[in-house]
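Q: What follows is each chain in one-letter form.
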Amino acid sequence: MTAPAGPEASGTPTAIRRRGEDSNSIEVEGLVREFKGGFRAVDGLDLHVDPGEIYGFLGPNGAGKSTTVHMLTTLLTPTGGTARVAGYDVAKEGAEVRRAIGVALQEAALDPLLNAHEHMRLQCALQGLPRSEWKARGDELIERVGLTSAAGRRVGGYSGGMRRRLDLALALVHRPRVIFLDEPTTGLDPKSRGDLWDEIARLAREEGVTIFLTTQYLEEADLLAERIGIIDHGKMVAEGTPAELKAEIGRPTVEIVPRDPDQRAALAAALRRFGEPAVSTKGAAVRLQHGAEDLPDVVRALDAEGMAIESLELHAPTLDDVFLTQTGRSLEEEVRRDSGIIEVPPELAARA
Amino acid sequence: MKGFAAQIGPLAQRSIVRTFRRPPLVAAGFVFPLILYGFTYGGLGKAATKLPGFPTSSYATFALGLTFAYAGIYATTLAGGQIGDDVQTGFIKRLALTRLGSITLLLGQLTGVVFFAFLQGAVFLAVGFALGAHVAAGVGGAFVVVAFGAFNAITLGTVGIMAALRVGSGQAVAGLFPVFMASMFLSSMNLPRDLIRAGWFRTIATYNPLSYLMEAPRSLLVTGWSPEPLLLGLLVGASIFIPALLSTAASLRALSVRK
Amino acid sequence: MTSSDLSIMIGVARRQAIRTFTTPQLVIPLVLFPLLLFTAFVGSASAIAKNPNFDYYDYTAFEFVYVLMQSAASAGVATGIAVAQDFESGFARRMLVATPRRSVLLGGIVLAGIIQQLWLAAVLLVVALAAGMSIHGSAIEVIGMFGLALLFNIAGTLYASGVAFRAQTTQVGPALQLPILLPLFFAPVYAPRKLLTHWLHEVANWNPVTPLLEAGRGLLAGAPVSVAIAFGIVGGAGVLLAVFAFTGLRRVERA
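Protein sequence lines, in the order shown, are assigned to chains A, B and C. Following this note's numbering, the numbering of the first sequence begins with 16 at its first residue and continues without gaps. Following this note's numbering, the numbering of the second sequence begins with -15 at its first residue and continues without gaps. Following this note's numbering, the numbering of the third sequence begins with 414 at its first residue and continues without gaps.
Since the hints were derived computationally from the structure, they do not count as laboratory data. Be a bit skeptical, because a hint or two may be false.
Below, in silico cross-link-like pairs of lysine-lysine (DSSO-like), each with a Cα-Cα straight-line distance of 30 Å or less [as the list claims (entries may be wrong)]:
1. C:K607 x B:K77
2. B:K34 x A:K51
3. A:K51 x A:K107
4. A:K107 x A:K250
5. A:K150 x B:K34
6. B:K77 x C:K463
7. A:K206 x A:K107
8. C:K607 x C:K463
9. A:K250 x B:K77
10. A:K206 x A:K261
11. A:K150 x A:K206
12. A:K250 x A:K261
13. A:K297 x A:K261
14. A:K51 x A:K250
15. A:K206 x B:K34
16. A:K107 x B:K77
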């Protein structure tokens, strides 16, 4: 997996790129979507995405990410608030919005019976590209997403990663100014995920496209997004650059693995006085109340209790820490639970 | 208009390609109606033509009419199933996010179905001729017979698309097929309505729209150019098609939140 | 067979029957299709009885026998499709793991098919009698006709189960029905054999379903014909298909 080059790596400062491209922005004020029965999937959302920016929209399943994307892409009517995409009102100027955006939704919406060339031709026609451009544009995009050798095969036989890449290529057919990617890498293997990240980063860097990316993967948001919005229960709970958000937390986590696995419970109890517990599968972890300066006290306390240590690691704050602080829940835990991964009890893990 | 033509072509092409890349679907479109035709013709051919007042001495000609009604019934599965699959896979959202108009999408989908119905019609006629059937209305009539099969496909295919958009599943639309097949068995499929002895069944067949969609092409085969069954077939077809079209267009508009 | 085997067999059959009769998607087509055919055939083609060469006593009774045999086969096929569904859902594995002697499972499946068939035959009989069908055969002859249908049902269940054991998917549904429906279609359905069009007459002469229908019609009319041949055909097919089903089950066990 390769980490994509961020905006700084391109050598084009974000502030310079933004100038004169205001129509590529996304402006959302008090956006609401209430479903039958009064359930508010999105509840008064405010956000702003600058032109050429990669904006990561982070949240667990059911937080309101996809509902927001559906509203911003005109697939769902907002029941309150306003939203402008590429300068157009999503509720009143749907056709103009659709002309300006490219969308790759959560389910890679492809026809299993068509091949990549046929998908491209169809998309070019539907997006109103001149017929003379269809082949060249299709071939160019297929090559860009690395599907040239598979382009003649029916999509039904594609892997998840190939489908996602084709989906992304189809979203780019009409050279959109704003791209919405709804959980583009969910369910992909690390290699496919890395490839897709590279392409997304390239789009923003080289073509100045604004990218609105929803994800439940913290790593993805951390690596790709210039700014991140965290949504929970339909409301924005935090927003900023990854660095800003982590700086707000400021407190690192110390994770300690005892030499004797049976001492995990005692270790966890000993650490509790230094801050709130954090997730650890091998030993025990705690988010240090006073930051890294607590570390010598931790070591002394364990020494006093005669506890032998296998390893000790100091982790800088992560986006999950941010999420935990804002919502009281761990996003990583929720994602793991939603994807059916069974948490092994510490005793069993230690025995293993 | 240029944009409309540019969009409808690939859509129709997609519809045709999707159909022919599912060989079981293609086979079912030809084999089952021909089995039904053979079964009806073989079972009733000798006995029915001896009935006083039976309009032709060739039951192979009479029974051929049912295959053109079947073309319409099959179109519900074909067109509805494809749109239902698009709803399930999310492909319909991709279409909704383009400049595609709802009527263009509908027509594109139906073009594929119509193409298939023409193909079915040609094969049905060829098999009918091989079994001794004839077209009383002549060569021109044969073309109109096939065209009527396509008309039936447009009419009932639109019903299939309407159902698919309402239910949102290709499998659910497949459930419509037995309903239509049941209606076909309760129509004037086997004998002309005036020769059906059971009064209650004659009433059912008279109120069954499929009787008219079948009798129109059959009249061209059996008796030649007679305006009444043709007009009745067109009227009944239109009375099914127009509400289904309006409902479909409304559903498609709702999908893409156009204002 | 031990009492434990018997209780497993009854348990399997009971579960299958309850599932069929409490699931509208299963029970409605099962009963509606034969009733529809009966209504359509009797209603649309009863004029055929006016043909001087039509020598059966009643057109409703003539079609009743056809629909009875058709429903017997369909009920068997439906049972086989249910087995395939169990494989898709994983429930079949649970049953295979839980049962010491797995051949008993097949007994339960056949029993379920029989229960469905008896119920279906009763519904058809009530409808036919309400539609004015008269019975000319004696009680023994009528029981013989229903027995023939029951054997046909068992053969259908064994065939469909054998396919289901091998394919383990409901996608074989259409392929499962075709070998049963085709012989049923190309038989004397609307009219006796002598009134069939020449080519269908030839096909019907070789069609094993033809003696089955003629024997059933003869028994209902009180004038039995080719009864021994019919029982021989359906019994022989039953034995062959039992082997087919058992080998399918063995294949599942080995997998």
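Q: A separate judgement is required for each hint: does it hold in the structure or not?
A: Hints and how they fare:
{"no.": "1", "hint": "C:K607 x B:K77", "in the structure": "violated (59 Å)"}
{"no.": "2", "hint": "B:K34 x A:K51", "in the structure": "violated (63 Å)"}
{"no.": "3", "hint": "A:K51 x A:K107", "in the structure": "holds (22 Å)"}
{"no.": "4", "hint": "A:K107 x A:K250", "in the structure": "holds (24 Å)"}
{"no.": "5", "hint": "A:K150 x B:K34", "in the structure": "violated (63 Å)"}
{"no.": "6", "hint": "B:K77 x C:K463", "in the structure": "violated (59 Å)"}
{"no.": "7", "hint": "A:K206 x A:K107", "in the structure": "violated (41 Å)"}
{"no.": "8", "hint": "C:K607 x C:K463", "in the structure": "holds (15 Å)"}
{"no.": "9", "hint": "A:K250 x B:K77", "in the structure": "holds (26 Å)"}
{"no.": "10", "hint": "A:K206 x A:K261", "in the structure": "holds (27 Å)"}
{"no.": "11", "hint": "A:K150 x A:K206", "in the structure": "holds (29 Å)"}
{"no.": "12", "hint": "A:K250 x A:K261", "in the structure": "holds (20 Å)"}
{"no.": "13", "hint": "A:K297 x A:K261", "in the structure": "holds (24 Å)"}
{"no.": "14", "hint": "A:K51 x A:K250", "in the structure": "holds (19 Å)"}
{"no.": "15", "hint": "A:K206 x B:K34", "in the structure": "violated (75 Å)"}
{"no.": "16", "hint": "A:K107 x B:K77", "in the structure": "holds (19 Å)"}
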